[in-house]
Each structure stands twice: as structure tokens, then as C-alpha cells.
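First to last, the sequence lines map onto chains P and U.
Counting from 1, position 209 in the first sequence corresponds to residue 209 in this note's numbering; the numbering is continuous, with no gaps.
In this note's numbering, each residue's number is its place in the second sequence (first place is 1) plus 288.
A hint or two may mislead.
Sample of chain P residues facing chain U (criterion: CB under 8 Å; computed from the structure) [what the hints assert, rightly or not]:
| # | residue |
| --- | --- |
| 1 | Gln-75 |
| 2 | Lys-79 |
| 3 | Val-83 |
| 4 | Asn-145 |
| 5 | Lys-156 |
| 6 | His-172 |
| 7 | Phe-217 |
| 8 | Ser-222 |
| 9 | Pro-223 |
| 10 | Tyr-253 |
If you're looking for bench data, these hints aren't it; they were derived computationally from the structure.
For glycine and all other residues, C-beta sits at the position ideal for the given N, C-alpha and C.
2 protein chains.
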Amino acid sequence: MLLGAIEAGGTKFVLAVGNQDGEILDKLTIPTEHPDQTIPKVVNYFKDKGIKKLGLGAFGPIDLNQKSPTYGQLQKTPKTDWVDYPLGAVLQEKLSVPVVIDTDVNVAAMAEAKFGNATDVDSCLYITVGTGIGGGFYYRGQTLNGLSHPELGHIKVRRHPDDRYQGTCPSHGDCLEGLAAGPALEKRWGKKGDQLVGVDEVWEMEAFYLAQALTIFIYVLSPERIVLGGGVMKQKQLFPLIRKYVIDMLNGYVSSPYLTADQIDQYIVAPGLTDEAGIKGALYLVMD
Amino acid sequence: MLLGAIEAGGTKFVLAVGNQDGEILDKLTIPTEHPDQTIPKVVNYFKDKGIKKLGLGAFGPIDLNQKSPTYGQLQKTPKTDWVDYPLGAVLQEKLSVPVVIDTDVNVAAMAEAKFGNATDVDSCLYITVGTGIGGGFYYRGQTLNGLSHPELGHIKVRRHPDDRYQGTCPSHGDCLEGLAAGPALEKRWGKKGDQLVGVDEVWEMEAFYLAQALTIFIYVLSPERIVLGGGVMKQKQLFPLIRKYVIDMLNGYVSSPYLTADQIDQYIVAPGLTDEAGIKGALYLVMD
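Modelling step: build the complete structure from the supplied sequences, incorporating the hints.
Here is the structure:
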């Protein structure tokens with residue numbers, strides 16, 4: 001049986017056809033434009049592929065409450081063309097297949113747990129640090145959604161004593177995303193991250209913010225593995241800095257061999273699926 | 289079939305016999321002293337009761353990893369007499385019944401979801417604000433544990449601009465518990481909470497810290513209900529202050545009718561089981 005999968009992100013849509021074994025058989029990437037441009041391309045891609053179900057990992061905020069009349073509808077997303085767009089319902093109607101929906105980051109967490117760098121544990125926190133900061137959580141076979149879905153990027157963290165930058169978040173100013181996502185990094189230092197390699201204070205401050213957030217996530221979720229992905233995390237020098245700060249900030253309070261200098265590199269890790277976590281997780285949504 | 293239940297807290301142990309319907313048939317409360325004094329009293333209580341299984345909701349930190357050789361053993365708890373005490377193993381051996389263990393706050397969250405103020409939803413965050421600050425999370429039939437168990441009280445929050453108090457936490461100084469648990473309140477203002485009723489700035493500051501924490505928990509866990517218990521929350525004037533701050537701090541970012549002035553009193557609520565959440569949750573651990 002052929003299955004469809006979509007990773008609907010803020011900058012691109014990844015479309016794929018896969019099978020029950022989790023293999024991707026065909027894939028196409030298109031830019032995220034206005035729905036009037038993007039959706040016809042999606043429909044055109046899938047229409048003769050013979051898929052029986054479609055898994056959708058979508059950017060958010062999106063209504064994931066199956067009892068809600070607006071299930072699968074985008075909410076107050078910064079992508080203004082997509083606000084209130086009923087993405088799930090449109091795809092279900094135009095493709096005439098059942099559509100299963102979760103957030104892009106939740107399906108990435110699930111993909112890392114099923115196929116990637118967290119297959120040996122029962123819980124996995126996936127964080128992406130890029131244009132925004134988001135996260136998904138996999139726990140014993142399910143992803144975490146509730147009143148809404150997690151919005152991990154919008155927690156407040158304590159400011160670095162040397163940081164005078166006011167933050168980019170339109171809703172909260174200097175929340176985590178406002179201080180540590182790619183755009184904040186660029187505006188604070190006047191250059192993009194890849195032009196700042198070797199400037200130690202940039203990465204020390206970035207690691208300080210991300211590590212603070214990870215300590216909060218450890219206290220709240222107690223994940224058995226943390227996977228850090230997204231464009232900013234391609235700066236691999238961040239990993240050892242973040243790990244060191246996490247150990248310092250926890251100050252021995254949580255007992256685990258993983259939270260020691262010896263083993264933390266097996267606890268806070270890069271994605272195992274590199275750029276395929278989202279699309280593989282979307283496919284997993286409709287695998288039996 | 290008769291079942292045993294223990295709520296093992298830092299100041300008292302509640303011992304009970306119950307049945308498969310979740311009814312408490314008999315109950316005894318004893319003080320938490322040295323294990324050499326407390327454990328014989330526990331054994332004496334249960335020894336002729338004919339219980340077939342025992343549910344234990346325990347203070348922590350405690351090892352809940354069933355693969356660990358120290359499963360059920362207390363860890364670096366501030367109750368120094370109990371550090372490294374193998375509570376689960378001792379009870380199992382002395383009472384010759386299977387023992388199922390979770391944290392006191394996780395079982396309270398589960399009890400509120402099964403019998404209390406969160407029976408209509410699929411997830412429930414239970415927070416206790418008392419001698420310490422802790423929390424448990426119930427999600428679709430399970431409680432949340434992982435690398436360890438949640439330690440919600442130890443997140444860092446931003447300081448109130450008028451607060452000069454340094455915090456009480458031996459590990460982190462001014463973490464949430466260090467700034468907002470009962471002992472912090474007493475040391476900051478020089479009096480116990482119940483002698484400070486009517487002093488507005490006390491409760492404004494307390495609500496500021498607790499609401500900040502709740503916004504973090506909403507962003508991370510997206511709970512469908514938040515139950516606030518513990519000694520400090522007996523100050524009922526805190527509830528409206530906390531609810532107002534939560535709405536202000538979220539600033540409209542999470543879309544839900546529950547996060548509006550009209551309905552938030554149905555979202556952030558007092559316990560439905562008042563002081564019985566812990567013991568009822570411990571019983572639920574061993575109900576079929």
C-alpha cells in the first residue's frame with residue numbers, strides 16, 4: 001500500500017510517497033508560497049500516485065483537537081497568507097484520502113524515536129533552532145499535544161548579563177525564540193551565523209540561552225534523549241558548549257549518568273535523520 | 289481484593305487500605321521520621337490487612353527506572369535520613385506483595401484525572417506549592433517519567449523587579465522553589481503566609497512567580513487542565529491573581545477559549561480531591 005507524506009514547513013513543503021516499511025520512494029520539495037499557489041502543486045503531485053492515506057506534519061500553530069470544528073486549521077501563524085487556512089480539510093477533500101495531522105516538530109521527534117537517534121529509549125525531545133525555535137516530544141508511542149500543542153520556543157529565559165538586544169518575537173519580545181533563533185542572532189551581531197564562525201562570544205551566548213531552555217525541558221519533561229536540529233544547529237561548535245552549560249546549570253540536581261561530562265554527548269545529540277526527520281515522521285503517522 | 293496505598297511525603301506518610309473501585313476503606317497518618325522509626329510503623333499497619341498489592345506515591349528524587357538496579361530507591365533528597373534508602377525494595381520484601389511506585393505528585397495528577405477535577409480531559413498537570421514546589425503530569429492514561437521524573441520546582445524564572453530576596457534552594461538559589469515555596473515566602477517577608485493575608489504585595493509577587501512557571505508549563509506540556517494544590521495554595525486569593533498574570537504573560541499566543549478571562553477559572557483550578565489526591569492516586573497505581 002502506498003502512503004503519502006507532507007512536511008509542511010514555513011519555507012518549504014516536502015512531498016513524498018512511501019510504504020508501510022517507512023521507506024521514502026519518491027520525493028519533491030516546493031517552496032511555501034500563498035496557499036493558492038502551493039496547494040495546487042501539492043494536489044498535482046499526489047493525484048496520480050495512488051496513495052491510500054496521507055500523513056501531514058505541519059508548521060503551526062494549528063488546531064489538533066479532533067473534537068474541534070476547526071481541526072487541521074492553521075491559527076495565528078506568522079505566515080499571514082496561511083492564517084485560518086483549513087489545511088487538513090482541504091487536503092482530505094481534494095485528495096479523497098484520510099489525513100492524519102501532527103506538528104512538524106512532533107513528527108520529527110517521533111521519527112527520531114522510530115528511525116533515528118532515539119530508537120533505544122522511550123522518550124525523545126526534538127528541538128529545532130532555525131528561523132524560529134520549536135520542539136516536539138515523543139513519549140511511549142505517542143506525541144504530546146493537549147490544550148494546543150507545545151510551543152517550546154516561547155518560554156522566557158533569563159537574559160545573558162552581556163546581552164543588550166531586545167529580542168525579535170512579535171508576541172513576547174525577548175522569549176527564547178526572540179533571543180536565540182536565527183533572525184535574533186543575525187540582528188544582534190549584524191551578520192548571519194555562518195559569517196560568525198570563530199567569534200566565540202556569539203556561540204557562548206547562543207549556548208547559554210539554549211542550555212537554559214534545555215535545563216527547563218529536562219526539569220519539566222525528563223526526556224531520555226534530546227535531539228537538536230535546524231539551521232542554527234549546523235554550527236557544530238554549539239554542541240559541546242550547550243552540553244557544558246547544561247551540566248553546570250543543573251548543578252547535580254538530576255541524577256543520571258547521562259548528565260555527566262562522560263556521557264552527555266550521548267544524551268544531547270544531532271538528528272540521526274539529518275534533514276529527513278520531518279518527512280519520515282509524517283509518513284509514520286499513517287503507517288499501521 | 290484489598291489493596292494497599294502509601295502516600296510517602298516529606299512530613300507525613302498516609303497509609304490506606306482500599307479496593308478495586310478506588311474507595312479508601314481505612315486510613316492512618318504517621319509522621320515522616322527516620323526510616324528506622326517510620327518503616328516498622330508502616331509494616332505494622334499493613335501486616336494483618338490482607339492486601340494483595342501496594343501502590344506507593346513517594347517524595348523524591350527517587351529512581352523510577354525499572355531497568356535500574358536501584359529502582360525504588362530514594363536519591364539525593366533534602367530529607368537526609370532517607371538518602372539512598374531503598375524504599376520500594378524494603379516494602380516489597382517486608383510485606384511480601386508487589387509494589388508499584390510513582391512520585392507523590394504524579395499519582396496526585398493521575399488521581400485528579402481519574403476521580404477529581406480533571407476527569408473530563410486527557411491531560412492534567414498537578415502542581416503542589418508548599419514546603420517545596422513539585423509537579424506531576426498525567427497524559428492519556430500514563431504519568432510522565434523518563435530520564436528521571438519531572439522536577440518542575442527547579443526551573444529558573446525571571447526575578448520580580450522588586451524582589452531582593454536571594455532564594456532558598458541549596459542547589460540553585462533563586463529557582464522557582466527557591467523564590468516561591470512556603471519557606472521562601474516566610475524568609476522574604478519575615479512571617480508565615482497565613483499571617484500575611486491582606487498584604488497585597490506578598491500575593492502579587494507570589495502570583496507573578498507561579499504564573500510565570502505556569503506559562504512555561506503551558507508552552508512545554510500544553511496540559512488540558514492545571515490543578516494547584518499544597519499549603520501555599522490554601523491562600524485562595526492567589527487563584528485570580530495567577531489566572532490574570534497567565535493571560536497577560538501568554539499575550540494571546542496560545543489559542544484556546546480556556547485562556548481567556550471568561551473561562552480560565554475552569555482551566556487553572558484547585559484540587560477536586562482536596563487532601564486525598566495523593567493517597568487515591570497511590571491506590572490507583574494498583575487497581576486493575
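Verification of the supplied hints:
Contact between Gln-75/P and chain U, as hinted, is supported at the beta carbon level, the nearest pair being about 5 Å apart and thus within 8 Å. Interface hint at Lys-79/P: violated, since its Cβ lies 15 Å from the closest Cβ of chain U, which is beyond the 8 Å cut-off. The beta carbon of Val-83/P is not positioned within 8 Å of any beta carbon in chain U (closest approach about 11 Å), and the interface hint is therefore violated. Taking 8 Å as the C-beta cut-off, the interface hint given for Asn-145/P holds, the closest approach to chain U being about 6 Å.
Here the hint on Lys-156/P is kept, as its CB sits about 6 Å from the closest CB of chain U, short of 8 Å. Here the hint on His-172/P is kept, as its CB sits about 6 Å from the closest CB of chain U, short of 8 Å. For Phe-217/P, the interface hint holds, the least distance from its beta-carbon to any beta-carbon of chain U being 6 Å, beneath 8 Å. This hint holds: Ser-222/P has a C-beta 4 Å from the nearest C-beta of chain U, less than the 8 Å allowed.
A distance limit of 8 Å between C-beta atoms decides the matter here; for Pro-223/P the minimum to chain U is near 5 Å, and the interface restraint holds. Evaluation of the Tyr-253/P hint against chain U yields a held restraint, the C-beta minimum of about 5 Å falling below 8 Å.
When held up to the earlier numbered hints, the structure conflicts with 2, 3 and fits the remainder.
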